[in-house]
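Given these sequences and hints, build the entire structure.
Chains as they are written, first to last, in our numbering: chain L, 1 to 201; chain W, 202 to 457.
Among the clues, some could well be false.
[Stated by the list, open to error] Straight-line C-alpha distance at most 35 Å; calculated DSBU-like pairs for lysine-lysine: (1) W/258 - L/141; (2) L/192 - L/110; (3) L/110 - L/98; (4) L/121 - W/401.
No lab work stands behind these hints, which were simulated from the structure alone. Just so it is clear, the structure is predicted and the values come from calculations on it, not from any experiment.
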Amino acid sequence: MLNKLSRRKTLMAGCAFILAPTMVSPLWAMSKAEATNLVDKLVADINKVVASGKSDAKMFADFERIFGTYADVPTIARYGLGVEGRRASKSQMRAFTKGFQGYIARKYGKQFQGFIGGEIKVKSTRKVKSFFEVKATAHLKGKAPVEIAFLVSDKSGKDLFFNLFVEGVNMLLAERAEIGAMLDRRRGNLDKMIADLRKAG
Amino acid sequence: MFKDLSPVLLAALLSFGTAFGLSGCAAPSNPTIASSDDPYEAQNRKVHALNRQLDKKIIRPVSKAYVAVVPPEGQIVVSNFADNLALPSSIVNNLLQGNIPGAGQNTLRLVVNSTLGLAGMFDPSSDFGLTEVRSDFGETLHVWNTPQGAYLELPVLGPSSERAAVGIVVDFITNPLGNLSNGDYRKYSRAAQVAAGLGKRSQYGSTVDAILYDSADSYAQSRLFYLQNRNFTLGGTDETEYDDAYFDPYEDIYAE
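As structure tokens, this is what we get:
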């Protein structure tokens, strides 16, 4: 841990030194290397779980932890809820965010199980607007490779990913549509939808 | 000509008529469709319900049986064979799009796999880095700046658009193999294509199941997945178009 911290500090200091004359953004803005580093670690963790051959329940628990560690879950959850989030109370929002985290872990975890025998590799990083896009390829056994793009930002106060694209399909948009449909099915009842969410995915 | 049309293609042809009949009133505006731009939603949802039943009752169980009975090596041979049959059509479209390197790569691939690969059953080309540059007439229309038109869900074939549906029919009519080959060859190739389709259904089983059976609105999820994925496939190299999808949820959390 100490080691990691000092490496990061050194890196930041190095960047600050090199970029200092041209620097417009604040010193704490994340670097390209940090964005890549986050996704490298995320991908290594996913690969480890996929290769572990654990039971479904244990894998989903691992994915839930990974999602909580590397993703800006509150932001993704709030985006998923969309305008409905405005009328949610604080406790509803908390319950929703917690339910959402488990739902995503199960839903995307099932997809990652298809990666067994394969491996995800980080390919490239570039700055887009105020954040970074980290592209990765999942090389799968006997299937065409799958392109994944992670969008990484530090606006939450930490370096975290806030959206991902699998073969061009946008997670934030797909989940907003899905949460909207779940709410419609419950005629807009937030509590009932949150209860459904705990079982969904 | 019609007597040996496979049911899948017949369905495509029928829906082609529908697409044209309906497209008179659609105003083609954006090159890409927002999910809300779905003038045929009511009709599409009916087709979706039928497709879902068809998958549940026939395609899904048959594809499970197929992968249970046919060993993986056999499945690869079948899918290689079917892929090889699709190459001439891709080459025609590569050329129509002015993609000469793509056409060259596919032609070399066709020659190598049809000879060294024993009539396409094996895929030595990929070992030489000659991967498939798949294309279709829907993509050609895109390259020619034809708008995507409205979203369509086609019977059996699933999510599509007005432009892609026209492409399917043109590809079918102009397929070089369709006119050159004799009856037996055509029968085997259709069988291989159907079997390869069943293999794909099983390969992407968890994704398809998640969309069709786990979603609160499987129609809306299929539409969203198709439109975004198709956009990615067609414009994957165009970074400015790609960037538009990269909105920042920190700036506008309630944005539509």
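* Holds or violated: are the alpha carbons of residue 110 of chain L and residue 98 of chain L at most 35 Å from each other? -> Satisfied, since the Cα-Cα distance of roughly 19 Å is no more than 35 Å.
* Does the structure keep residue 192 of chain L and residue 110 of chain L at a Cα separation of 35 Å or less? -> 24 Å, holds
* Are the Cα positions of residue 121 of chain L and residue 401 of chain W separated by 35 Å at most? -> 24 Å, holds
* Asked: Straight-line Cα separation of residue 258 of chain W and residue 141 of chain L no greater than 35 Å?
  -> Given that 35 Å is the threshold and the Cα spacing comes to 29 Å, the pair holds.
Figure legend: structure checked against the earlier numbered hints; every hint is met.
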